[in-house]
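S.K.: If you want the building blocks of each chain, they are given just below.
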Amino acid sequence: MDVVVFVVAAAIVLVGAVGVVLRGNPVHAALSLVMTLFGVAVLFVAEDAHFLAAVQVIVYAGAIVVLFLFVIMLLGVDRSEDLRVEPLKGQRPAAALAGLALLALVLVPILRGHKVITGVHSSSALLRDSSDDTNVVRLSRSLFSDYVFAFEVTSVLLVIAVIGAVLMARRPPKDTSS
Amino acid sequence: MLSVVWLIPALPLAGFVLILLFGRRLGEPRAGWLATATVTGSFVVSAGVFFDLLSRSADERQVVHTLFQWVPVGGLRVDLGFLADPLSITMALFVTGVGALIHLYAVGYMHGDANFSKFFLYMNLFAFSMLMLVLGDNLLVTFLGWEGVGTCSYFLIAFWFTRDTAARAAKKAFVTNRVGDWGFMIAMFLTWSAVGSLNYVDVLGKADSLSHSTATAIALLLFLGACGKSAQLPLYVWLPDAMEGPTPVSALIHAATMVTAGVYLMCRVNPILAEAKGALTVIAIVGAVTALFAATCAVAQNDIKRVLAYSTISQLGYMFLAVGSGAYVAAVFHMVTHAFFKALMFLGAGSVIHGTHDEQDMRRMGALRKLMPVTAVTFIIGWLAIAGVPPFAGFWSKDEILLHAWDKSPALWAIGLVTALLTAYYMSRQVFMVFYGDARWGDENRPHGEKPHESPWIMLTPLVVLAGLSIVGGGLNLPFTSSTKLLDRWLEPVFGDRLAVSSFGPGGKWALAILATLAGLAGIAVAYAVYLRKRVKAFEPEILARAWGVDDAYSAFVGGPGRRSFLAVEWFDRTIIDGAVNGAGAIAKGAGTGLRRLQTGYVRNYALGIAVGAVALLAWFISRGAW
Amino acid sequence: MMVAALHTTASWYLALGAVLFTIGTVGLLVRRNPLVMLMCVELMLNAVNLTFVALARHLNDVSGQTVVFFVLVVAAAEVVVGLGIIVAILRRKPGATADDIALMKG
Amino acid sequence: MDHSTLGFPILTVLVLLPAAGALVVALLPSARADLVRLIGVMFSVTAGALSVWLLGAYATGGDGGFQFVSKHLWIGALGVSWHLGVDGISLFLVVLSGILFPIALLGARPHQDEKAFTAWLLLLEAGIMGSFLSLDLFVFFVFFEIVLVPMYFLIGGWGYDKRVYAAVKFFLFTMAGSAFMLVGVLATVLLYRAHSGILTFDLVEIATKGDFATSTGRWLFLSFAVAFAVKVPLFPLHTWLPDAHTEAPTAGSVILAGVMLKLGTYGFLRFGLYLFPEAARWFAPTLVTLGVIGIVYGAICAAMQHDLKRLVAYSSVAHLGFIVMGTFAMTTQSMSGGVLQMINHGVTTGGLFLIVGMISERRHTREISQLKGIQKPAPIFAACFMVLALSSIGVPGLNGFVGEFLVLIGSFVTYRWWTVVAATGVILAALYLLWAYQRVFHGEPDEANAHFPEMTWSEGLVMLPLVGLIVFSGVFPKPMLDRIQPSVKQLIAHVEEKTGYHQPEVAAGGNP
Amino acid sequence: MILGVFKGPAIQWWALTPILVLLGGALVLMVGAVLRPKLFPRGAYAAFTCLIALATVTLGFFLWHDIGEHGARSLLGGALGFDRFSVFFTIAIASAVFLTALVADDYLRREDLDGCEVYALLLLTAVGGIVMASANDLIVLFLGLETLSIALYILAGSHARRLQSRESALKYFVLGGFSSAFFLYGVALTYGATGTTNLVKIQDFLQANVLLENGLLLAGLALMLVGLGFKVAAVPFHTWSPDVYEGAPSPVTGFMASAAKAAGFAGLLRVFVVCFATYASDWRPAVFVLAVLTLVVGAVLAVVQTNVKRMLAYSSISHAGFILVAVQAASPEGTAAALFYLLAYTFLVVGTFAVVTLVARRGDAAYSLDDFRGLGRRRPVLALVFALLLLSQAGVPLTSGFLAKFEVISAAVDRQSYALAIIAMLSAVIAAYLYLRITVSMFLADPADDNTAPISVPASAGFAIAIAAAFTIVAGVAPSVVLDAARHAVPILTATP
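Read top to bottom, the protein sequences are chains A, B, C, D and E.
FYI, the numbering used here numbers position 2 of the first sequence as 48, with every residue one higher than the one before it.
FYI, the numbering used here numbers position 62 of the second sequence as 450, with every residue one higher than the one before it.
FYI, the numbering used here numbers position 70 of the third sequence as 346, with every residue one higher than the one before it.
FYI, the numbering used here numbers position 380 of the fourth sequence as 404, with every residue one higher than the one before it.
FYI, the numbering used here numbers position 97 of the fifth sequence as 842, with every residue one higher than the one before it.
Next comes chain A alone, as it looks inside the complex:
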């Protein structure tokens, strides 16, 4: 069962990802991204990350991709990019080579089996145990104890994002020199 889920979801993820890369039209790319994000959400569920799966769909697919589409429309850059031409000589073969090498190098340790994951099993913040705490409870406990500082730092990030968006989007004052 889980194999089937994995295979199907993985297929969705990969097709979406490839779509992002290969669809010339940015709108199509964005939609392919949504596909991938959904696939990932499915895999999250399969991996006992229910809360994250929800957030993934809501925040990512819901908010972020919409933002993308919004900007595409705002700027009117939905023209298709001609993917047959590559202005930078050698970029594509080099990118392919680098990608392959990267993949190979990362897969080398990963594919050596589960023994490669040498980390100790958690002793305090278990994902599954005999108690019937939900995933959300466990997650929030972790979030507000070990990661409470990180949680607070994300607020700083968001403040910055706000300021940044304001600063970037604001039209510059009249240029006196031009």
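Quick caveat, the hints were computed from the structure, so don't treat them as lab data.
Hints may contain errors.
Distance condition first, Cα-Cα at most 30 Å in a straight line; then the derived DSS-like pairs of lysine-lysine [as the list claims (entries may be wrong)]:
1. A:135 to B:977
2. A:161 to E:946
3. B:977 to D:186
4. C:369 to A:135
5. B:925 to B:758
6. C:381 to B:977
Model the placement of chains B, C, D and E on the given structure of chain A, informed by the hints.
M.R.: Coordinates of chains B, C, D and E only, in the frame set by chain A:
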């Protein structure tokens, strides 16, 4: 009197300092008088020291007088000290004596020169240096004098520095001498490393402990120095050119005193020479060959001073022949007599030049004896002396040299004899061309057409004195009995048993003397036939006038391969060494320019760089894995 | 039957993450549209998230999931700022691709 | 041993006084050139006077150890002390610096921006004094490096046409050399710490107590040697020198040749030999060979130069070759001669650069072919040049000879054939200098040179002390040798004790 | 029930004050400016920012002593390390903020960009940097890195009228996001290999276990090195920095080169040198290669530039190479050297870019070497101070730059990395050429004729430059205090007591 031996060089030095400070204010002629007075004073002191020494027994005639420590470092102790012994005092006497006369002469000769006082400045400095050379009690003080006279020679040759020829000649003299000095220096180093001292007393006392090869090396290296200073083959080339200097300079430095320094040095280190028989032979051969070589050159010179210059080289060759034959006293004897007559002739030539308004070409002279009687008579005395006509001074000394040369090798004697003949020939040629024959000085080439005139008394006085000395100089060492060999006896403490003793009996000696005299007379006769009677066409080939082309060959070498090799080194420095430095800079810049191309400005290229870097790092780390 | 006998292991997920990460990387390298490049970064972050979640499950450790939460926030912030920048620049140079934005180089 | 003999830390004052002068000058208004000059001269003359006083107060007859030592902790964390001291080797270099700086300041005034010029020059003096006096590796390195900056600005700011190229080349070349030394210094100190447990940069302590493995010592020596060889400069690392000397303003050339090059030779003695005697001995044949090559090579290059200043610059390469040779021949005579030659070369070549500066000041050219017959309009000028040239040639009775002679005679007992070759340098020296003299001063002056102004009184006053020194130390070098010798002997004894080397008996004073 | 069981970690407010002050300052700025934009006099934003920065520095000194008395500890459930290392960086980064704000004040008004946002972002960037330097957890480190980076993306692009500024923001952003993804992937793999992201626990784990299969961990290390290498602009991850440095507003460039670089190295030191000390034999060769590349490429590329800002960007890369040499030493001495270097460089580079800011004049575009010609004549003091800062960067003694290099070389030599030490010094020689080129332009070249726009030195920027110069000299002549501080500031990974 011995304790004031330092006064001998100090007086000219004082003269030098005074003229240096007040020369302009003193002006002409007081600067000249001052200079003459200081050298005369030195002569007087030398004489005093001489008599002091004379009053001592033979084995006490060697006194070292130290002024101060000069260069004391570790095992090297060199003092500024003087060695008063018969040899050095003999030298001091004739240096100061002849020097004083020439100074006096120069007061007249340099009359009117813009740099009158400067001339005497140099002259006094020269006298000082020469006396240091002679009186120094160690090799280094001698070297001080040695270089000092060379420097003064440089100054004085270039005295009329606006003439390019004079400037070139001066430089040539100095540099050529330096080649010899190189030998001198190495000899000093070798001496010190072998003996641990540079003092003559120590070095000469331990000379017999030197190994044969060391002694030979020292002797030959010192001889190299002597060759430079005394203008022997192959380093003679500077002396003819040095005639660019004022004539008193030629007389004093390039005839009477400085050039004999080499001979003096050889005599001084005779104990070392005694340990190096091979070196002696070399010296004898070089001396003899130089004598002959220079005599042949003199035959074809037309410049009145150049004839004398080659003659000087030739006569110096004789002296080295004597040294090489072990006849040190004969060398010294000839040195003294030569100083008399050669100084006389140079001064006479100067008088002629002075009288003919700076004419030096003998072809435009002639018949001057009537116009310049004193000059002519004294010059003729000098001629007879050098030609070896008895009883003039030259006869005695030359005869003695030839006598010992025979003992060394009959071949050397033969060369000496031929040289004697040539000497008589070319000197006669000179006398005939200058003082006899037709007057050639009034031709259209001479715009002034002024009549030559006799020189003033101040110039003639030294001529007369020197002429007198040239006549009686032979009396210093008459070979008749041992009691008449004054010089032999006087110098005995210096040379001791190292002095060669002639193997001839009285008969042999007479025979040789007559042969030599005949040779001299023959030379005169031939010259008479050629230049006065014009019976025979003059033999003056171009090759002899150019001194067998030796000088040209040197110039060709220096200007050709020498210069080219220097230029090659300079090129190497500029192109290879500096090029490497600039090249390193260029490589850095080139690398920068090349790497710049990777900085394309395209963000995707940059990302690719990061990805490649990540792959490389991953590859490295993965390869380090424990599998 | 063969399929039924199989069970997914963490390695499967990790491998999928690696592939996804690589696709994102390559995508960023070959796409010229800055917006799509930004999407490719999102792909990479998702790959990491997938990895974290798989590891969290394998290690039975919830903190792996907590981390993903933060990554989501970071991704959101990045997108906001990134889009702001892209908007700002494309307003000055409409229709520009990443390759057109290369005033500075060398 | 401390500075109690004088009651105040004279060495520290010698270093800091010029620096303070530079600061004061920098704070003056630049419009007051007269004030700038006055203050600048005052400071440099005071420092010079102090250095002469030091010379007087220096005790002779001791064991040649350091005197007027002052030692204070500077950077505790690094084990760095402000450790100054003077011995016979550095004494005269300090005095020379003290004398040459006022001369350079007085004798070669700049055309523009006198204030900055004076300030840089004073700063340079501080740096040089510090280099010669420091007995701490860190302090030495700091001063050794810092001198580059003022010199860089002096060359670049007040030099001739290619000044920027020359200044940059000088800076980078020297800095590249120092790069190795810095690594060497640190390695030395850290290895000493590893073996003794003490972190210190103290030269004396490391030299006397340090014990480096043979190959380590050689590497360390090499790292120092590169820096010093560049500074000296030793063939083939010399090509910064002709450019720097030629393009530098006169004062810069005077200081560069007079004292800065000695930082290299001094460094060899003070740091190379003292710290790594074994390695120094091992490298000695190489370094002597390079020195000899430098002697001949420098002379040949000098002979072929068209530019008078460049000629003098190359002559420095030759002269410094003698010093290096003397240093590594390792006999009492050769080393003492080397030290003496450092002073002599400073005086002589400094003087030559001054006078060449005067020529180019008058004629706006240094091309030998443009100059002719100057002796006629300016005999005293010519005489001055002649004395300097003769000193450089090494005519006995002048200073140049004594040093050269001692180097050669001392080297002869340990490096016979090298010395034979090196001695040819004296021939070549005569060749290039007299040839230059002939072309510049002899002959009939042409139109451009016929009115060459004679030396002025003030110029004469600047030259006078140099000429006086040249004659004095040529005739009576004993006072100098008496101070140099004990320190040299001590250094040789140090080498002998550490390596089992014995200098030949004849050099030490025994029987050959 | 759930709430009853849950107990959050204890919060040591005192130790967090620097972050809180900076954060509060930023918020006050934003809120105040939004509420009453016209109320504030000229320069009030800058003054306030300076005040906040000064307060942070002061707090830093108090905390330094606090740690001296009570020892290092870890805060908030092990998320933050509270040791002298973090305080050292707090002081350094806050100093950079202080100086940058002084420089920015006049700059922003000159360029018509005045507003509170830049200052607020400066303060927030500092928060990110301090978080990075204090992080005891890889995720916190990542968040600090992102805080820092995202704020800097914006700052780099904040000059609205210069397309270069926008371009630099875009490049920085794209590449920054790209490399953070690598970093994060590295964190993920490390998490898999060790079971935690907490540095203390990782250290304990690695000390207690010898991994038979360490591929995951090594891959994680490699990828984290990519991310941090990007942040410190190590070759080959440096490509962004010349372009970004050139395009960003000059005061921001100075800030980036100082604070951001310092934070990046803080991460590198804490993670690699301390936490992964057991794997030093694996990462040291990699860092060795990075160091060599960074040194040489930075120096060599700097030499061929004609744009002063780019020159300084490449020189900054070369400096990073030097600090990498110290990292490569992987010893307390190396860490101390890196800290000293970073502090010295912070002042140097902010001062340097302050001068560049002034010389760039209105329009922020006059960066070419020619624009510096004749500066020595027209603005002698400014030129002299600039020369001092440049020569210090070149490593001339009696300046902080020399001692920084000295310390680094010392650390390298101590680990017998002689070759690296020599390469570093030689590359310093190459780099010196570029500083000389600038001084040549200022002092030795004839001033350009058309270059008549006057250069004004406002008091605030002048003050900043003076501070930078003063620090450069003081730390060069009497460095004991700073040296001792750097030595005591070696990071310590301690679990919560």
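S.K.: Evaluate each hint against the coordinates.
M.R.: To see whether the hints hold, each was checked on the structure:
1. A:135 to B:977: Holds, at about 25 Å.
2. A:161 to E:946: holds (20 Å)
3. B:977 to D:186: The given pair, whose Cα atoms are some 20 Å apart, holds under the 30 Å limit.
4. C:369 to A:135: holds (24 Å)
5. B:925 to B:758: Given that 30 Å is the threshold and the Cα spacing comes to 26 Å, the pair holds.
6. C:381 to B:977: holds (17 Å)
Checked against the numbered hints above, the structure violates none of them.
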